[in-house]
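Note that the protein sequences, when read in sequence, are chains A and B. Heads up: the first sequence is residues 1 to 242, going by the working numbering. Heads up: the second sequence is residues 1 to 305, going by the working numbering.
Because the hints were derived from the structure by calculation, they are not lab data. Source: prediction; values computed, not measured. Glycine is no exception: its CB is placed at the ideal position from the N, C-alpha and C atoms. It is possible that some hints are incorrect.
[What the hints assert, rightly or not] Pairs of lysine to any residue, SDA-like flavour, derived with a Cα cap of 20 Å: (1) A:LYS225 to B:LYS230; (2) A:LYS4 to A:LYS187; (3) B:LYS177 to B:GLU25; (4) A:LYS65 to A:PRO6; (5) A:LYS88 to A:LEU56; (6) B:LYS230 to A:ALA231; (7) B:LYS231 to A:LYS88; (8) B:LYS230 to A:ARG206; (9) B:LYS237 to B:ALA274; (10) A:LYS88 to B:SER84; (11) B:LYS237 to A:ILE172; (12) B:LYS130 to B:GLN118; (13) B:LYS231 to A:TRP178.
[Stated by the list, open to error] Derived coverage of chain B by chain A (criterion: at least 3 residues anywhere in the stretch with Cβ under 8 Å from a Cβ of chain A; other residues may be distant): (14) 35-45; (15) 266-272.
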Amino acid sequence: MITKEPVITVKNMVKKFGHFVANDNLNFEVYKGEIFGFLGANGAGKTTAIRILCGLSTPTSGEMKVAGFDVFRQTENIKQNIGYMSQKFSLYEDLTIYQNIRFYGGVYGMKVAERKARTAEMLDRLGLTAYENRKIGDLPLGWKQKLAFSIAILHQPKIVFLDEPTGGVDPITRRQFWNLIYEAVEKGITVFVTTHYMDEAEYCDRVSIMADGRIVALDTPEKLKEQFNAANMDEVFLKIAR
Amino acid sequence: MIVVNELHKNYGETVALGKVSLTVEQGELFGLIGPDGAGKSSLMRVLMSLLLPDGGSATMNNLDVVRDYKKVRLITGYMPGRFSLYPDLTVEENLQFFATVFGTTIKENYHLIKDIYQQIEPYKNRRAGKLSGGMKQKLALSCALIHKPEILILDEPTTGVDAVSRKEFWEMLKRLKAMGITIMVSTPYMDEASMCDRIALIQEGHLMSVETPFAMMQAFAEDLWAVRSKKIYHTSKLLGELPSMISVNSFGQVLHLVTPKGIHTPQSIKDFLATLTESEVTVEPALATIEDVFILLMNNRKTKS
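Build the full structure now, drawing on both the sequences and the hints.
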């Protein structure tokens, strides 16, 4: 259920590295319960923006709130209210499934009973209960990514940030992954996602496209296709980002 | 020409390559298409003599990749999956390094890399580690080309690269092919398959199919329907219950429904959905993409094993 209640508010966000302007006056809102696609070419400034919104980097100027907390002063509160998963870093390969869950549950300060209950429920849903003592390193990539996502939302964050979660994953698993995203949305979690697969851009409620540090387009996939007279999001992206 | 004959490689109990055989013709642009862990890198590493096979053999322009490995390295250019240039050297220093190692100069083979290198030349004094993803790939390709190889082996050159840079990269490969270079390239992006002369679909160490992309799409053995609806996720769930349905997957804003040949018509599918009070849908026959072919072959493998 998408409401017009913003969970992320970004006003005049600027981030400079020396003379280089990585984020040049960004303005947007992400609404509660939506899947927000955050697209852009390599080097457009996406990672910089995500790091700021996750409370990992301090912006140069602007007025930004994530889950109701200020990105300058309340970064610890932000971290407690979000989940994060990327293609590059997800879980500890040398730990078992169960140990990884225990570790992340601990990091997010979950109570033991709560963690145990949710772990059981999650492993059952993923069909992984019999494998809880397997090391992550021994799992196929598709399983790892599905597990990493489930762990990222184990503490029921308000928002989950997914940075290229499906890179290199086979086409069936890629779609199963999106089903997990839809399930999370049904539970009321807001999803902020980046991807290089343009068909996945179609699955988002709204999509923003960055180029050279600015947001050059932001709307629903339907409206963007209309606006740029394009048959699909791939064409929209090529028209804008080139 | 690359000839691969019953190559196999295991890592413990995991089969990385299960008796893989294929031939890449002189001057061909050949694609290895498959997800992470399918065996693409293992095959390329064996060809580049970076990994010894457990059995089988392979030749590159008639040189055996095990016995003649030193000669093989002289005639091949390789781009590993991970960025493997020196991050602390500048763009130009990296290129110079690779030219010197192969006993040549940038000047001597500049014509080969000109198109590609010109795009990053304005940054030639920047350290390689500070380049964006797309620029790193262009530098890596330049370094793989600087000794004028007869064969190029490119391991996922477009992974993690944005859609615009990916298109540019493939245009560069087409120009290199036109110069007569034999190219083997791997990718997890199914939509890039159509850029290749022929492709191999690889999954769990096995080649599921080797063909031209066009022939592969033409040979799709089942019926494929494009289903459009306002509530795509909901409709997809309903179609999962369609009698004799093989698979239903979302492809952007449409659903691709696969049913056995000759069983269903657009009307029979619509009628089925109407009984579930889902009436605002359109169903029409669709042409298979490489991703459809891949999914079907993956499902077939699963049902067999």
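Hint check:
1. A:LYS225 to B:LYS230: Holds, at roughly 16 Å.
2. A:LYS4 to A:LYS187: Satisfied, since the Cα-Cα distance of roughly 17 Å is no more than 20 Å.
3. B:LYS177 to B:GLU25: This hinted pair holds, its Cα atoms lying about 12 Å apart.
4. A:LYS65 to A:PRO6: Between LYS65 (chain A) and PRO6 (chain A) the Cα gap is close to 9 Å, so the pair holds against 20 Å.
5. A:LYS88 to A:LEU56: holds (17 Å)
6. B:LYS230 to A:ALA231: Satisfied, since the Cα-Cα distance of roughly 17 Å is no more than 20 Å.
7. B:LYS231 to A:LYS88: violated (33 Å)
8. B:LYS230 to A:ARG206: Holds. LYS230 (chain B) to ARG206 (chain A) sits at ~16 Å (cutoff 20 Å).
9. B:LYS237 to B:ALA274: This hinted pair holds, its Cα atoms lying about 14 Å apart.
10. A:LYS88 to B:SER84: OK: LYS88 (chain A) and SER84 (chain B) at ~17 Å, within 20 Å.
11. B:LYS237 to A:ILE172: holds (15 Å)
12. B:LYS130 to B:GLN118: Cα-Cα ~18 Å, so holds.
13. B:LYS231 to A:TRP178: holds (15 Å)
14. 35-45: holds (count 4)
15. 266-272: Violated - the stretch 266-272 of chain B has 0 residues with a Cβ nearer than 8 Å to chain A, which falls short of three.
The structure fails to meet hints 7 and 15 from the earlier list, while all remaining hints are met.
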